[in-house]
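Each chain, written out:
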Amino acid sequence: MTDRLRRRVLPVVGALVLAVVVLAGLIAVFGANPTATAIALWNGVVGSPFTIGQTITIASVLALTAISALVPFTAQLWNVGAEGQLYAGAIGSVSVALTMGSGPGTLTLICSVLAGIASGAVWGLVPGILRTVWGASEMIVSLLMNFLALLAANYVITRIFPDSSGQSTRTVTPNAQLPVLWTAGSVNLGVIFTILVVIAIGVMLGSTRFGFAVRAAGLNARAARLAGFGDRSTSIATFAIAGGVAGLAGAVLVLGTSGHLSTGFSANYGFIGVAVALVAGLRPIFVIPSALFFGALSVGSNSLQVAVGLPKDLGSVLVAVLVIVLLAVHVIRIRQRGAAA
Amino acid sequence: MTIAAITVLLVITVQMAAPLLWVTLGEIISERSGVLNIGAEGTMLLGAWATATAISFGASPLVACLAGIGVGAIVGLVMSVLYIWRRVDQIVGGIMVNLFALGFTTAMWAVLQGTAVGVNAPTLTVPLLSDIPFIGTALFSQNATVYLAILAAPAVFALIRRTRWGLRLRAAGEQPSALDSAGVSVRRVRTSGLITGTCLAGLGGACLVVTSASGGFVANMTAGTGFIALGVVILARWNPLVALLTTVVFGLLKALQFQAQSFGPLSDVPNDVWLAVPYIVAIVAVAAARSTRFAPTVGVPWSRH
Chain A
1 MTDRLRRRVL PVVGALVLAV VVLAGLIAVF GANPTATAIA LWNGVVGSPF TIGQTITIAS
61 VLALTAISAL VPFTAQLWNV GAEGQLYAGA IGSVSVALTM GSGPGTLTLI CSVLAGIASG
121 AVWGLVPGIL RTVWGASEMI VSLLMNFLAL LAANYVITRI FPDSSGQSTR TVTPNAQLPV
181 LWTAGSVNLG VIFTILVVIA IGVMLGSTRF GFAVRAAGLN ARAARLAGFG DRSTSIATFA
241 IAGGVAGLAG AVLVLGTSGH LSTGFSANYG FIGVAVALVA GLRPIFVIPS ALFFGALSVG
301 SNSLQVAVGL PKDLGSVLVA VLVIVLLAVH VIRIRQRGAA A
Chain B
342 MTIAAITVLL VITVQMAAPL LWVTLGEIIS ERSGVLNIGA EGTMLLGAWA TATAISFGAS
402 PLVACLAGIG VGAIVGLVMS VLYIWRRVDQ IVGGIMVNLF ALGFTTAMWA VLQGTAVGVN
462 APTLTVPLLS DIPFIGTALF SQNATVYLAI LAAPAVFALI RRTRWGLRLR AAGEQPSALD
522 SAGVSVRRVR TSGLITGTCL AGLGGACLVV TSASGGFVAN MTAGTGFIAL GVVILARWNP
582 LVALLTTVVF GLLKALQFQA QSFGPLSDVP NDVWLAVPYI VAIVAVAAAR STRFAPTVGV
642 PWSRH
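Heads up: the sequence lines are chains A and B, in that order. Taking our numbering, the leading residue of the first sequence gets 1, the next gets one more, and so forth. Taking our numbering, the leading residue of the second sequence gets 342, the next gets one more, and so forth.
Keep in mind that the hints were calculated from the coordinates and are not lab data. If you're wondering where the values come from, they're calculated on a predicted model, not measured in any experiment. A few of these clues could be false.
[Claimed, not checked] Label pairs and their calculated CB-CB ranges:
| id | chain 1 | residue 1 | chain 2 | residue 2 | range |
| --- | --- | --- | --- | --- | --- |
| 1 | A | Ala28 | B | Asp472 | 29 to 37 Å |
| 2 | B | Arg502 | A | Thr263 | 29 to 37 Å |
| 3 | B | Arg578 | A | Phe50 | 51 to 59 Å |
[Claimed, not checked] If the Cβ cut is set under 7 Å, some of the chain A residues that face chain B in the computed set are:
| id | residue |
| --- | --- |
| 4 | Leu125 |
| 5 | Ile129 |
| 6 | Leu130 |
| 7 | Thr132 |
| 8 | Ala136 |
| 9 | Ile324 |
Every residue gets a Cβ at the ideal spot worked out from N, C-alpha and C, and that includes glycine.
For reference, chain A alone in the conformation it holds in the complex:
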């Protein structure tokens, strides 16, 4: 027990202490009081039903982008394009919802959610196919696809469905938006989608033939191929799933939270999802607590501006520093790959 304590618990405690020290130093650099900032962060999360609801909503989005990173990672493929796939999904669902307009609400909703999943999957398939067919680095391609999605979103916002502000699309009619489950926290049906997706992916990876093929490809691609698992189709499928799940996150954001697509509406959720997946140890079941933690960090940091005068962009700094420290002390471990990309 003492041995286990020394090897497993101490590094985690050490990492958290180190992370707190580094973050406190950073907050001091920005001219704020670290203690006051921590209190503001806490109040920003649990201060009101609305902030609690926000945390749950953002956590559900982060859980989806984490799954989007996790599935290809399990096959040792790098999807760092969840941000773009999320935007693609948002574009797809907002376009369908606005085009169908005043039709029956439920049908519009179902179609636009499916459109979001499909467009995200298409966006994810590009790096997946380029990787398997031409051997292109899926990591670089998925990174670059993020910028194309942002440009496409901008085009949709300014040219296709602009509202009067020029900063966002028109708003989807309320009866085609995701139904709200908890009014005080404005938590919508997207949370249920997330839970179902996490369970489905967990079951799929853990106990299906396909999941075994994905894990086998990650552990030893050559052995998996020799054992008769289709290497290419597995890789392509992981990217389609990753894109579809991130696309669902985009759909949930536009059809639930805001009702429209606006410039910069994703606060790096795609990239924070990578952190969520890593802290969850790449295991779907742990994605939910991990997403709640990072969701709280994101929502809490939104309140820092008002409470202690810190810019809200500091949220992604907190996430990055925390993950870097956890990586440095080997609390988060990733299997070493044989070769880059």
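We have chain A already, so just place chain B on it with the hints.
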């Protein structure tokens, strides 16, 4: 389509190519030593922020560029502790460095900014040569960071191919165990390669600021230049001279965003398309460089066991 329009297009081409070239050269050095620096984008952004902040406090362009390089060196130091000494995964580490840089620079620029008016680095015009039609102004009337970038490409080529450090760098990337057997520390060589690379990425950010119209900082102003560099490195097959030519092509593609309307048939294409073209070409290039592979040791932390 006039001579004037072509001249302006070429001037912007070279200006757009220079920051990309700096960060690409940095990435080549780092990857040659065996470290995959996905954080080049973030390093460049931090370099740009440091330079713009220094300028806003009244620093001269030279001092401001040194600030950009200095920040690059600090980032490189942190990364080398993580990647080389703590064996942290370089892709995940790089993503986090980029996330940090994006948040940090945006937040810092909001809270800490001097009052000095943004200045461009002075343009150094070479007499006579700058009068050559078409290419004269583009090649001989630019600021120092642009000239240096063009000169740096053959310099980095010579450094990698012709010096003892370059030989060790390549050995660390391609056959680290041989270098280790020869009694040279693989980790130290990689550390030197990575830090040199991040200094050049920081300088790339500095170059972006001093060649920009305002001399100031804009949130996420690198806009994926560091990621395009990752593609250019593959396309150029880790060769600095090929990288020079490749970045000029990307410079031209970026320049069309500003100048396409001056060229008859091109002016009908919506500007959004021109914005997307560099990324599309980079993706196609990465896909088309199909026979090109990273050396198997690149991106894998070295250990004797």
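Tested hints:
The hinted range of 29 to 37 Å is not satisfied by Ala28(A) and Asp472(B), whose Cβ atoms lie roughly 55 Å apart. For the hinted restraint 29 to 37 Å between Arg502(B) and Thr263(A), the CB-CB distance of approximately 46 Å leaves it violated. Between Arg578(B) and Phe50(A) the C-beta distance comes to about 54 Å, which sits within the given range of 51 to 59 Å. Proximity of Leu125(A) to chain B is violated relative to the hint, the smallest CB-CB distance being about 13 Å (cut-off 7 Å).
Contact between Ile129(A) and chain B, as hinted, is not supported at the beta carbon level, the nearest pair being about 9 Å apart and thus beyond 7 Å. The beta carbon of Leu130(A) comes within 5 Å of a beta carbon in chain B, closer than 7 Å, and the hint placing it at the interface holds. Residue-level restraint check for Thr132(A) is violated (minimum Cβ-Cβ distance to chain B is 11 Å; threshold 7 Å). With 7 Å as the threshold, the beta carbon of Ala136(A) comes within range of chain B, its nearest partner Cβ sitting at about 4 Å, so the hint holds.
Taking 7 Å as the C-beta contact cut-off toward chain B, the hint placing Ile324(A) at the interface holds, the least distance being around 5 Å.
Checked against the numbered hints above, the structure breaks hints 1, 2, 4, 5 and 7 and satisfies the rest.
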